[in-house]
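Peer 1: Chain order of the listed sequences is A and V. Going letter by letter, the first sequence gives residues 1244 to 1466 in the working numbering. Going letter by letter, the second sequence gives residues 1244 to 1466 in the working numbering.
The set of hints was computed from the structure by calculation and includes no laboratory data. Hints may be right or wrong, so weigh each one.
Given that identical chains are not distinguished, each listed pair holds provided it fits within a single copy or across any two copies.
As the list claims (entries may be wrong) - Quick list of in silico lysine-lysine cross-link-like pairs, DSS-like style, CA-CA up to 25 Å:
(1) Lys1246 with Lys1425
(2) Lys1301 with Lys1248
(3) Lys1303 with Lys1425
(4) Lys1323 with Lys1425
(5) Lys1262 with Lys1465
(6) Lys1436 with Lys1321
(7) Lys1321 with Lys1425
(8) Lys1248 with Lys1465
(9) Lys1303 with Lys1262
(10) Lys1272 with Lys1246
(11) Lys1465 with Lys1436
(12) Lys1272 with Lys1303
(13) Lys1436 with Lys1246
(14) Lys1321 with Lys1246
(15) Lys1425 with Lys1436
(16) Lys1323 with Lys1436
2 protein chains.
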Amino acid sequence: MEKVKIVEIKKSIFENNDKQADNLRGELKSRGLYLLNLMSSPGSGKTTTLIQTINLLKDKLRIAVMEADIDSDVDAVKIKEATGIQSIQLHTGGMCHLDAEMTRQGLDSLDTDGTDLVILENVGNLVCPAEFDTGAVRNAMILSVPEGDDKPLKYPLMFSVCDVVIVNKTDVMPYFDFDLEKCREYVRMRNPKAVVIPICARTGEGVDVFASWLLNEVRNWKQ
Amino acid sequence: MEKVKIVEIKKSIFENNDKQADNLRGELKSRGLYLLNLMSSPGSGKTTTLIQTINLLKDKLRIAVMEADIDSDVDAVKIKEATGIQSIQLHTGGMCHLDAEMTRQGLDSLDTDGTDLVILENVGNLVCPAEFDTGAVRNAMILSVPEGDDKPLKYPLMFSVCDVVIVNKTDVMPYFDFDLEKCREYVRMRNPKAVVIPICARTGEGVDVFASWLLNEVRNWKQ
Chain A
1244 MEKVKIVEIK
1254 KSIFENNDKQ
1264 ADNLRGELKS
1274 RGLYLLNLMS
1284 SPGSGKTTTL
1294 IQTINLLKDK
1304 LRIAVMEADI
1314 DSDVDAVKIK
1324 EATGIQSIQL
1334 HTGGMCHLDA
1344 EMTRQGLDSL
1354 DTDGTDLVIL
1364 ENVGNLVCPA
1374 EFDTGAVRNA
1384 MILSVPEGDD
1394 KPLKYPLMFS
1404 VCDVVIVNKT
1414 DVMPYFDFDL
1424 EKCREYVRMR
1434 NPKAVVIPIC
1444 ARTGEGVDVF
1454 ASWLLNEVRN
1464 WKQ
Chain V
1244 MEKVKIVEIK
1254 KSIFENNDKQ
1264 ADNLRGELKS
1274 RGLYLLNLMS
1284 SPGSGKTTTL
1294 IQTINLLKDK
1304 LRIAVMEADI
1314 DSDVDAVKIK
1324 EATGIQSIQL
1334 HTGGMCHLDA
1344 EMTRQGLDSL
1354 DTDGTDLVIL
1364 ENVGNLVCPA
1374 EFDTGAVRNA
1384 MILSVPEGDD
1394 KPLKYPLMFS
1404 VCDVVIVNKT
1414 DVMPYFDFDL
1424 EKCREYVRMR
1434 NPKAVVIPIC
1444 ARTGEGVDVF
1454 ASWLLNEVRN
1464 WKQ
């Protein structure tokens, strides 16, 4: 038996993704279910960040995770084993992003009864996922220090659609030429309202700031 | 005046990319021009690796570079300033990859008279660029240590289409949980013939191995 549920996502047949996304968001609001879309490059530490965040929040919120990936189930198994929460893997069949209909297929495969928060770990890619509204309440992204502080200049759309930019792997900042203030400035150029949260997912440092932001968001959404 | 030529690439109108790619490769062979397609995640060190490689080879080969990017010209300017070779920027207009026709548009904008080697720095993305044959003679990719040794498991197509996997940022290996032997094994699972070359582009260590491989390739292609 597989360790986690694996869902093969079909390509969306809907032309108007923005409308599908708005519909999905409306439904989520009426159900009091908060969906966070988490994006990043491959290897930025999405899974580790999620595990730390979930462990801080799981006594306060009922959480589930959908892990989108080309074809492995490594991440969903890791999350389930490390946190005990409901975690499923979405196979995108080679697709480089999720749209609203694909996200809905994932949600339909989850048991969301009583769930407060679903986190969607999108495909590791700074380009395509930014182009498709998944229907999530908010978009967050992780930029890891080794990728460089210039990424908001090179992937403008990703940074302009994100409400939160988590800067991960701050522990290796001394070994890389990464200027946090410059990074904040570049992020502001793309999106003046974006919140920048430096963390080290490996040690857990700063993860409480992100967890507090998320807890507050979910509580507001349910009102 | 712009520091480097910027080419706005139009979306390809050809349905049969594989055929276009084969045609382009055939033309390149008859012109004795070698095209290398270099792929990676954002922030893996493609530009620094290119600068080091070009500086080792520019007395032996006439080299030009095409930098594909969503909309900045940061990389083409860097390469031109650091190596003095012909370098142009291809703007993909939000597209997440290059196909053969887009590559041809780039080549048409280069002065390739007497040029031995053109290096195409593809869009920073481990998913989409792997799906489109650009018409290059070979595909190479850079995996940087902070991304993790499990990437061949998670991005299978990228690793199966690459002839060379450059493992960059080996200097920070002590700070990351990266097992080079495990990485070699995962790469072999995807492509038993792929060459794995560990380098540190920042210090230049190992870049000579990649440069020798490339020099040899170009000389064979011109026979």
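Peer 1: Could you tell me which of the hints above the structure violates, numbers in ascending order?
Peer 2: 3, 6, 8, 9, 10, 13, 16
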